[in-house]
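As a plain string of letters, each chain reads:
There are 2 protein chains.
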Amino acid sequence: MSSQSKLAIVRTGGVCVPQGFRSAGVVAGIKASGNPDLALIVSDADASVAGTFTTNRAAAAPVIVSKELAASGNARGVVVNSGCANACTGKQGYADAVEMADQAASALGAAPGSILVCSTGLIGSLLPMDKVRAGIAAAAADLSDDDEAVMKAIMTTDTKPKRSAVEHSDGWRLGGICKGAGMIAPNMATMLAFITTDAVVDSRALQSALSEIVEVTFNSVTIDGDKSTNDTVLAFANGASGVEASIDDLVIAMHMVSRSLAEQIVADGEGATKFVRVRVRGAVHEEDARAAARSIAESSLVKTALYGNDPNWGRIAAAIGNAGVEFEFEKLTISLNGVDLLSEGTPAAPETLRRLRGSLVHEPEVTIVCDLFLGTGIAEILTTDLSPEYVKLNAHYET
Amino acid sequence: MSSQSKLAIVRTGGVCVPQGFRSAGVVAGIKASGNPDLALIVSDADASVAGTFTTNRAAAAPVIVSKELAASGNARGVVVNSGCANACTGKQGYADAVEMADQAASALGAAPGSILVCSTGLIGSLLPMDKVRAGIAAAAADLSDDDEAVMKAIMTTDTKPKRSAVEHSDGWRLGGICKGAGMIAPNMATMLAFITTDAVVDSRALQSALSEIVEVTFNSVTIDGDKSTNDTVLAFANGASGVEASIDDLVIAMHMVSRSLAEQIVADGEGATKFVRVRVRGAVHEEDARAAARSIAESSLVKTALYGNDPNWGRIAAAIGNAGVEFEFEKLTISLNGVDLLSEGTPAAPETLRRLRGSLVHEPEVTIVCDLFLGTGIAEILTTDLSPEYVKLNAHYET
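For the record, the sequence lines run as chains A and B. For the first sequence, this note's numbering begins at 1 and goes up steadily by one. For the second sequence, this note's numbering begins at 1 and goes up steadily by one.
Bear in mind the hints are in silico, worked out from the structure with no lab data behind them. Honestly, I wouldn't trust all of these hints.
Each pair may be met inside one copy or between any two copies, as identical chains are not told apart.
Straight-line Cα separation of at most 35 Å, DSBU-like style, residue types lysine-lysine; simulated pairs [stated by the list, open to error]:
1) Lys160 / Lys67
2) Lys6 / Lys392
3) Lys67 / Lys331
4) Lys331 / Lys160
5) Lys152 / Lys392
6) Lys274 / Lys331
7) Lys331 / Lys392
Based on the provided sequences and hints, a complete structural model is requested.
Dropping the structure here:
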């Protein structure tokens with residue numbers, strides 16, 4: 001039996017699907033809208049912890065604090081607020097992040113330093129600490145094994161809550177929730193994801209599995225090429241099932257859940273009209289494939305063409321040319337939704353492109369496949385088109 | 001007397017300001033619009049030649065041919081067509097580029113291989129060679145020392161012709177024309193620039209001057225981050241003034257003309273509502289300053305904020321954070337049109353930002369200055385804002 005067939009998708013549910021995890025989401029008043037904005041995800045017992053964090057050098061205070069806390073390899077959970085990123089906030093911001101983590105640990109009766117902290121929202125404002133303190137107390141009193149509330153409390157510009165979970169035939173489970181790098185207001189658009197499992201996994205195996213899947217799931221999503229100051233993925237393993245997970249099965253379970261969450265992020269890109277998969281194969285090696293796919297997915301010209309239902313292979317070829325990777329135009333083959341636009345350097349007939357343009361109008365999903373015919377490197381990046389709506393929403397976000 | 005004060009700006013004129021250069025621009029019928037689309041720039045006598053070419057690996061056929069021809073260090077001029085880029089056209093495209101150069105040399109009675117070739121326009125179509133041949137003959141019969149016609153014949157989506165020239169007190173002159181990476185349809189938006197001088201300069205000095213100024217002029221312009229398959233800058237020096245130029249004076253003259261042309265390209269970005277200068281100083285070294293300035297200038301979030309008249313320092317700081325350069329948030333200072341948005345990590349008062357937002361509505365030029373206070377590295381990049389119009393124009397260009 002292959003690893004994948006031992007894993008079944010759990011239809012509804014996220015971080016509370018694994019045993020021994022509870023969560024809460026409450027209105028603390030950080031968001032002016034009055035929507036839920038403070039969340040807790042907590043394991044009943046001590047858990048292994050792993051994390052990956054933004055590479056943006058302007059990393060926010062909670063990122064720095066959580067990195068420090070995660071280094072021990074053990075934690076009980078995480079406190080999260082939305083509405084304020086606590087980024088670019090200097091020493092006071094750092095002190096606030098430390099206090100937020102301490103308050104949460106104390107409210108939960110957990111050891112100091114055992115609760116990590118994440119923030120998402122506007123850059124450059126200090127946290128309203130009174131509201132945060134009261135919110136933590138309220139959330140701690142409201143823990144349950146339902147994850148509806150926690151999903152909503154971590155949202156900023158997301159229009160839909162996002163979760164996914166799987167169950168292994170040996171009896172352990174793995175679940176996750178996330179919020180996306182929505183297109184409306186990416187300066188509020190931290191990508192946060194939280195993964196829980198009740199499998200028995202030590203923190204090194206957990207970190208290694210997380211590091212392996214992040215590149216091909218969350219890091220393969222690009223909306224506008226900007227990395228947030230707050231991006232964080234955390235994984236907790238509390239061993240409550242009593243079943244040890246093999247590293248292979250753990251990686252596959254984590255990949256399934258993370259891949260689903262990443263696709264939900266792209267599908268929820270507001271201002272976007274198309275869900276776009278960019279696959280590059282036949283590159284000299286995987287890094288080249290990834291660079292080429294990213295260059296296509298981040299090209300404003302390719303993205304505006306997709307918005308206009310224009311199967312413009314010239315822009316795609318030029319984006320590959322800009323990626324700095326090995327390729328030979330004479331071998332290049334580009335297809336879009338299964339229709340060849342370019343076959344080993346020869347363009348499709350104009351009628352083919354016209355017909356495709358007509359059918360793209362009704363097509364919310366686009367898959368671009370580029371074959372370089374040079375080697376075995378493959379990669380996939382998920383993105384969206386670029387619409388006038390995106391520009392308007394980003395231009396007028398604060399007004 | 002400093003080098004700069006020995007150089008006077010020539011009010012009107014471009015490539016024909018230096019002695020012994022003539023040009024022509026005619027309607028060959030390559031453009032469906034019936035606008036001029038075939039141009040010649042020719043020196044009466046043999047000239048030193050230098051060039052810089054696109055780094056896009058999908059370089060067009062004329063780029064490959066001109067690179068080969070320029071390697072000799074000598075040439076008589078260049079033939080240019082607009083309306084068709086002759087890019088991604090395989091072996092036939094290469095043969096067409098060679099033939100176009102040969103035809104032009106023959107029509108001008110010049111030695112084979114002494115006329116270079118450039119193309120700009122749609123990617124992926126073959127040149128209509130009948131029209132090209134007839135156009136070359138017509139242009140060769142129409143050479144004059146006026147550069148109105150040549151400026152127009154190299155345009156694609158540019159709305160204004162672009163030229164600049166200077167005169168040295170010793171009696172030599174240097175002039176240039178260019179077409180821009182317009183925002184309407186950057187897959188037609190090759191940046192082509194041609195510089196002529198009648199100073200006595202050997203091809204090595206000419207190449208070294210050109211390489212020195214390209215990075216801080218044409219390569220410091222970014223509209224959408226995509227490099228064209230056809231970008232080319234060529235310089236010709238025919239020595240007709242009989243005056244030798246010092247390398248310092250040559251670099252300064254070339255910098256003045258190229259800088260003016262680069263600014264004209266940015267000012268002509270259609271769909272753009274603002275001309276944006278991004279200056280970074282105090283970086284550890286120049287490469288860091290350039291990387292930070294480019295990251296800001298290419299950030300969709302910064303550019304949409306500028307369109308919305310939003311002095312959003314958080315997006316600027318996050319873009320610096322994404323550039324992978326040394327910086328400390330506590331030292332970071334960001335100003336916009338002279339108003340400090342962030343002073344050594346401390347944000348301006350909300351009233352200041354509100355007032356600035358109000359005044360930006362009426363301001364077509366924006367200068368962002370970021371000081372990292374770490375070293376002496378400085379750089380400047382020119383760009384535009386990102387408007388809904390840009391997206392619409394690029395999405396519906398072919399429809």
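#### Entry: Structure versus earlier hints, numbers of those that do not hold, lowest first
2, 4
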